[in-house]
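Visitor: Sequence:
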Amino acid sequence: MLNKSEGIPLYIQIRRTLREEITNKTLVPGQKLPSEDELALRFGVSRMTLRQGISDLIDEGLLYRRHGVGTFVALPHLDRDHTRLTSYLESARQEGLEVAVQVLAAEVLPAKRKVALELKIEEGELVIRVKTLRFIAGEPVTLHDAYIPYKLFPQLLQEDLKNKHLWDIFESYGVRVKRAVQRLEAREADEEIAALLRVDEGFPILYKERTVHLDNGTPVEFTYCYNRGDRYRLTVVLER
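Just so you know, we're using our numbering here: the sequence shown kicks off at 233 and counts up by one.
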């Protein structure tokens, strides 16, 4: 029950109580909250007052609603700072997130036209494909489908692709990633993407294409990237 005599609005007390329960893991990520009627009864308030407290936590990203299903504790987000060129593993570990990578494909194959254009090689020239599924706290967040010119790193498939980021491997060969060009758009998950990311077909996806260049300007990696819209967030600083 709330303290109705201490002068703090009831919705603020609700917000504070639920935030504390999320912080101390009484409420865990992905957990569904009790119904509004149950929570209103627990706190001894009207549904309108309850909704005000919950709405504030939704605005903060601590809770989220699924229409017709209920309100849930938000899962951890990977916040990528797109004002700097950082890798997935680097960003996640800086935030203290538990990360893992599953290698879905590691193969050599002829470059299709779009891949060849982005990497500035001939269509049909050999490229290395590294397709990975990235996890945060055991949940899939990003599907990453990367292509690298075979002629630059013919030994790449002998590397530990599960525990090392591609850019770190490149640097071990004496070259350094310097610049990337990214294109982002909103999409819906098709059947394959939905199955891999464990979401419903049609679920919102932040789709990204990225071409990475070495410090000498050579394109070294072209990637198709599919990010779960509920687990991925990006930050861009703009100045005038």
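Don't take every hint at face value.
[As the list claims (entries may be wrong)] With a straight-line cut-off of 27 Å between C-alpha atoms, the simulated DSS-like cross-links for lysine-lysine are:
#, residue 1, residue 2
1, LYS394, LYS383
2, LYS363, LYS346
3, LYS394, LYS363
Source of the hints: derived by calculation from the structure; they are not laboratory data. Here the structure is a predicted model, which is why all the values come from computation and not from measurement.
Visitor: Next, verify each hint and record whether it holds.
Guide: Verification of the hints:
{"no.": "1", "hint": "LYS394 with LYS383", "verdict": "22 Å, holds"}
{"no.": "2", "hint": "LYS363 with LYS346", "verdict": "17 Å, holds"}
{"no.": "3", "hint": "LYS394 with LYS363", "verdict": "11 Å, holds"}
Violated hints for the displayed structure: none, as all numbered hints are satisfied.
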